[in-house]
Amino acid sequence: MYRDLGLPLLAMQDLALLEQHETDPGWLREARERRDRLAGVLARKARWDAADRAGDALVKNVPGAVEGALEYADMPMMRRDFYHAIRTRTSRSEVLALKPLAEALDRGSGQISVLANYVQEVSSHDFSRRAPLAQDYGQLLTQKMSDADKDALLQNFLGSGEGDIALGALLLVDRPPDSEYVSELINRAIASKDPWFKVLALQKTAKRLWQKDRYDLALPKLEEALKLCTQDNLIYRCIEVRNDLAYVTAWLFRLDEAESDAREGLAQARQRGQWDQERMLLETLGSISRNAADVTLAHAYLEEALLMAGGRSSARNIHQNFAHLAIQSLELDEARAELDQALALDRLTMHGIAALADVARTRRAPGDEQMVRAVLESEPTYTAGQRAFVKFLRGRFFLEVDPTAGRELLNQAITEAMNAEAAARAEDWTDITAQHARAYSFTSLIFDDARRGDFGSALTRFGTERGFSPPDRCVLGLTEDTERSLLVARGANGQLVKDYSPLRTARFPMDMEGVVPPDMLKALEACDSVDVLARPPLQGRARLLPATMAWRYRTQGTARQPPAGKRAHLVVNDVRYDERRNETPLKWIARIASDEDGKVLSGMDATPSRVLAEMSAAAEIDLATHGKVALGSRVTYLLLAPGLDGTDTLFEERIRKLKLPNAPLVILAACEAAQGTAALHEPGSLPNAFMAAGARGVVAATLSIPDEDSSEFFGRVRDRVRSGVALSIAVRDERLEWQQRSGDTDWVNGILVFE
Numbered sequence: 001m002y003r004d005l006g007l008p009l010l011a012m013q014d015l016a017l018l019e020q021h022e023t024d025p026g027w028l029r030e031a032r033e034r035r036d037r038l039a040g041v042l043a044r045k046a047r048w049d050a051a052d053r054a055g056d057a058l059v060k061n062v063p064g065a066v067e068g069a070l071e072y073a074d075m076p077m078m079r080r081d082f083y084h085a086i087r088t089r090t091s092r093s094e095v096l097a098l099k100p101l102a103e104a105l106d107r108g109s110g111q112i113s114v115l116a117n118y119v120q121e122v123s124s125h126d127f128s129r130r131a132p133l134a135q136d137y138g139q140l141l142t143q144k145m146s147d148a149d150k151d152a153l154l155q156n157f158l159g160s161g162e163g164d165i166a167l168g169a170l171l172l173v174d175r176p177p178d179s180e181y182v183s184e185l186i187n188r189a190i191a192s193k194d195p196w197f198k199v200l201a202l203q204k205t206a207k208r209l210w211q212k213d214r215y216d217l218a219l220p221k222l223e224e225a226l227k228l229c230t231q232d233n234l235i236y237r238c239i240e241v242r243n244d245l246a247y248v249t250a251w252l253f254r255l256d257e258a259e260s261d262a263r264e265g266l267a268q269a270r271q272r273g274q275w276d277q278e279r280m281l282l283e284t285l286g287s288i289s290r291n292a293a294d295v296t297l298a299h300a301y302l303e304e305a306l307l308m309a310g311g312r313s314s315a316r317n318i319h320q321n322f323a324h325l326a327i328q329s330l331e332l333d334e335a336r337a338e339l340d341q342a343l344a345l346d347r348l349t350m351h352g353i354a355a356l357a358d359v360a361r362t363r364r365a366p367g368d369e370q371m372v373r374a375v376l377e378s379e380p381t382y383t384a385g386q387r388a389f390v391k392f393l394r395g396r397f398f399l400e401v402d403p404t405a406g407r408e409l410l411n412q413a414i415t416e417a418m419n420a421e422a423a424a425r426a427e428d429w430t431d432i433t434a435q436h437a438r439a440y441s442f443t444s445l446i447f448d449d450a451r452r453g454d455f456g457s458a459l460t461r462f463g464t465e466r467g468f469s470p471p472d473r474c475v476l477g478l479t480e481d482t483e484r485s486l487l488v489a490r491g492a493n494g495q496l497v498k499d500y501s502p503l504r505t506a507r508f509p510m511d512m513e514g515v516v517p518p519d520m521l522k523a524l525e526a527c528d529s530v531d532v533l534a535r536p537p538l539q540g541r542a543r544l545l546p547a548t549m550a551w552r553y554r555t556q557g558t559a560r561q562p563p564a565g566k567r568a569h570l571v572v573n574d575v576r577y578d579e580r581r582n583e584t585p586l587k588w589i590a591r592i593a594s595d596e597d598g599k600v601l602s603g604m605d606a607t608p609s610r611v612l613a614e615m616s617a618a619a620e621i622d623l624a625t626h627g628k629v630a631l632g633s634r635v636t637y638l639l640l641a642p643g644l645d646g647t648d649t650l651f652e653e654r655i656r657k658l659k660l661p662n663a664p665l666v667i668l669a670a671c672e673a674a675q676g677t678a679a680l681h682e683p684g685s686l687p688n689a690f691m692a693a694g695a696r697g698v699v700a701a702t703l704s705i706p707d708e709d710s711s712e713f714f715g716r717v718r719d720r721v722r723s724g725v726a727l728s729i730a731v732r733d734e735r736l737e738w739q740q741r742s743g744d745t746d747w748v749n750g751i752l753v754f755e
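The sequence shown maps to residues 1 to 755 in my numbering.
Note that these hints are calculated values from the structure, not bench results.
Some hints here could point you the wrong way.
Just the calculated beta-carbon pair ranges, DEER-fashion [to be verified]:
{"id": "1", "residue 1": "Asp499", "residue 2": "Glu379", "range": "33 to 41 Å"}
{"id": "2", "residue 1": "Ala564", "residue 2": "Thr415", "range": "36 to 44 Å"}
{"id": "3", "residue 1": "Asp645", "residue 2": "Ser93", "range": "47 to 55 Å"}
{"id": "4", "residue 1": "Asn187", "residue 2": "Leu252", "range": "23 to 31 Å"}
{"id": "5", "residue 1": "Glu400", "residue 2": "Leu612", "range": "15 to 23 Å"}
{"id": "6", "residue 1": "Asn187", "residue 2": "Asp499", "range": "53 to 61 Å"}
{"id": "7", "residue 1": "Ser160", "residue 2": "Gln231", "range": "51 to 59 Å"}
{"id": "8", "residue 1": "Gly603", "residue 2": "Asn187", "range": "48 to 56 Å"}
{"id": "9", "residue 1": "Arg347", "residue 2": "Arg47", "range": "43 to 51 Å"}
{"id": "10", "residue 1": "Thr415", "residue 2": "Leu252", "range": "53 to 61 Å"}
{"id": "11", "residue 1": "Glu712", "residue 2": "Glu400", "range": "50 to 58 Å"}
{"id": "12", "residue 1": "Arg347", "residue 2": "Leu503", "range": "26 to 34 Å"}
In silico SDA-like links for lysine to any residue, alpha-carbon gap of 20 Å or less [as the list claims (entries may be wrong)]:
{"id": "13", "residue 1": "Lys150", "residue 2": "Gly138"}
{"id": "14", "residue 1": "Lys227", "residue 2": "Val114"}
{"id": "15", "residue 1": "Lys193", "residue 2": "Asp136"}
{"id": "16", "residue 1": "Lys99", "residue 2": "Ala131"}
{"id": "17", "residue 1": "Lys99", "residue 2": "Lys144"}
{"id": "18", "residue 1": "Lys45", "residue 2": "Ala309"}
{"id": "19", "residue 1": "Lys60", "residue 2": "Arg80"}
{"id": "20", "residue 1": "Lys659", "residue 2": "Thr584"}
{"id": "21", "residue 1": "Lys227", "residue 2": "Glu264"}
{"id": "22", "residue 1": "Lys522", "residue 2": "Lys566"}
{"id": "23", "residue 1": "Lys193", "residue 2": "Lys227"}
{"id": "24", "residue 1": "Lys193", "residue 2": "His84"}
{"id": "25", "residue 1": "Lys212", "residue 2": "Ala423"}
{"id": "26", "residue 1": "Lys60", "residue 2": "Val41"}
{"id": "27", "residue 1": "Lys99", "residue 2": "Asp56"}
{"id": "28", "residue 1": "Lys144", "residue 2": "Glu121"}
{"id": "29", "residue 1": "Lys144", "residue 2": "Asn156"}
{"id": "30", "residue 1": "Lys207", "residue 2": "Asp178"}
{"id": "31", "residue 1": "Lys99", "residue 2": "Val114"}
{"id": "32", "residue 1": "Lys587", "residue 2": "Pro642"}
{"id": "33", "residue 1": "Lys566", "residue 2": "Ala617"}
{"id": "34", "residue 1": "Lys45", "residue 2": "Leu9"}
{"id": "35", "residue 1": "Lys60", "residue 2": "Thr142"}
{"id": "36", "residue 1": "Lys212", "residue 2": "Lys498"}
{"id": "37", "residue 1": "Lys599", "residue 2": "Asp719"}
{"id": "38", "residue 1": "Lys659", "residue 2": "Ala422"}
{"id": "39", "residue 1": "Lys150", "residue 2": "Tyr181"}
{"id": "40", "residue 1": "Lys587", "residue 2": "Ala423"}
C-beta atoms are modelled at their ideal positions from N, C-alpha and C, and glycine is treated no differently.
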């Protein structure tokens, strides 16, 4: 398995274990041959180590270092070390000695003379002035210094007229994103004639933006950086940019894109022998898989990265990730052990504190409180949303120590997060960290209510989180949080029924049949329809309530109504897919009423941009096309005809940005279109995207659906709604009639309603 995943060190480790325990000569020979075939990875590591030593010798101006570096001029990292080397040289002759290496690096990237010209230009400087600065730069590069000493050197460099040394020093000194030093760095890098630094300027600008949670603005900067570094064949920079892109798109929960960028970066790093960058990208792939709730795959990537780990900081971060994976698997003893291993290496980061806040509820250790205070008080926070998140972490941890203070902190975090979200919306962006702070604070407060036995208050919070008071009857709330879960309902007579598990051993399944206990079902069975308030990631799971009951996932408080008069009814069907997709168009019989203005997009017209444009005017929408789940991410998208830009996919983030003023009823006749993501901070799915854009209701399936049958089923549901039947009841009635008529229960039981 590890070999197939491209994880050679783990594969070799497994084969070595097999050799220790296997006695059959044939199997032993096979194991040794396979291990030998994988041994190329060790040669790659050895060459990288040698290049790293050569680069270090080059920077330190060891005799013969230039000749040694020339042996590894094909290694992308050597250009990085070349820049450091030229800044530390104290004479014209020492600088000119670097020219053969500069020319070799220019040839390797296909550039005419960028670095050779740089050598020639620096060699003409006055070294009576430059030499002391070069010596100081060498100290900054190799010695530990206080921030005050670093600042003193920086000021000297910036006023020296030696622009390359000043630029290098700005890169070495880490400062907050709003720092004037970061602005100076970006300005100087942009002004450089060297494309290496133009790419760096875009990366630093992007980082400045994402550190302020402006991932939406960081992304185009990184896309521009990738285009530029690819154009100039700057492999080292391109690998770093790919990693940055994966980080940003993962935060935006576009996990398929994140995985694609990380894989491409990993392939480049392996092809060019960049061991340290290979490890970095394996960590990134592990984090992406963790976000997608693929614990096994995430663990494999991170285990390989740990075998490659070159330092304490890297190993600490991997152990923190292992702790989060153990929490996802409800293996809390293992999570505690991983955090302790991380602590043995260094102080936890905020990512580690988030895991500790989970684990400490049941496995608190001496020193945890001091650790939490120390990290959160020293962690830089740049935005209102980030400050709310820090307050949430403090509240979540201290809720178990001082419940009153903990609840106060969590309520403050919610208020601050909501204010941050509102301010972001006013500027047309999404404060993702504020979303996390608000959602997770509600989680902690709901479970604190349950712990205290106040289940009425817990149920009220389910509605408050969505901005409305939950109904006083026929409502079911459900949520989970690490080792605990809660279902709480008010039955047909308003009676309160609860099922609280403070120490569970398994998470809720994707198929929720049997999760709701019998006494709760009995309390709800007399309801005309049940409002289900499911918190992420539980919203969008099938069979929560029996097929005989009408129910809906309720997402908002106020019902939306389409405008009076003739309605526009958009139908997307018989899509002409890209030939490379090898997909058959779906046949869909549209039911456009006489009082509706029908609009059909089919064939090559059904591109993402055309569909989005037409949806904005529609009050009824039928999307009969293939639904696909992106590999490894659980993200569902719609497959459409390729547009002029080649794009033939429609993901939820584009739908969320829509404005649907006519409050359409959306029929998603696409396989698995109701499936939700693993996101914990917001309900992630195509139906939720349509609801966020302004739909009054969505009907979608969690399973694969038959083409012709779905056309009839969904059409009859729409007919029932037109006659005045509530959507959840229309789906229930049609489902029961369908089962009686055809006996086919699987896919119709996976049809869900969102309103």
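Exercise. Compare the structure with the hints numbered earlier in the document and write down the numbers of the violated ones, lowest to highest.
Key: 5, 7, 9, 10, 15, 17, 20, 22, 26, 28, 36 and 40
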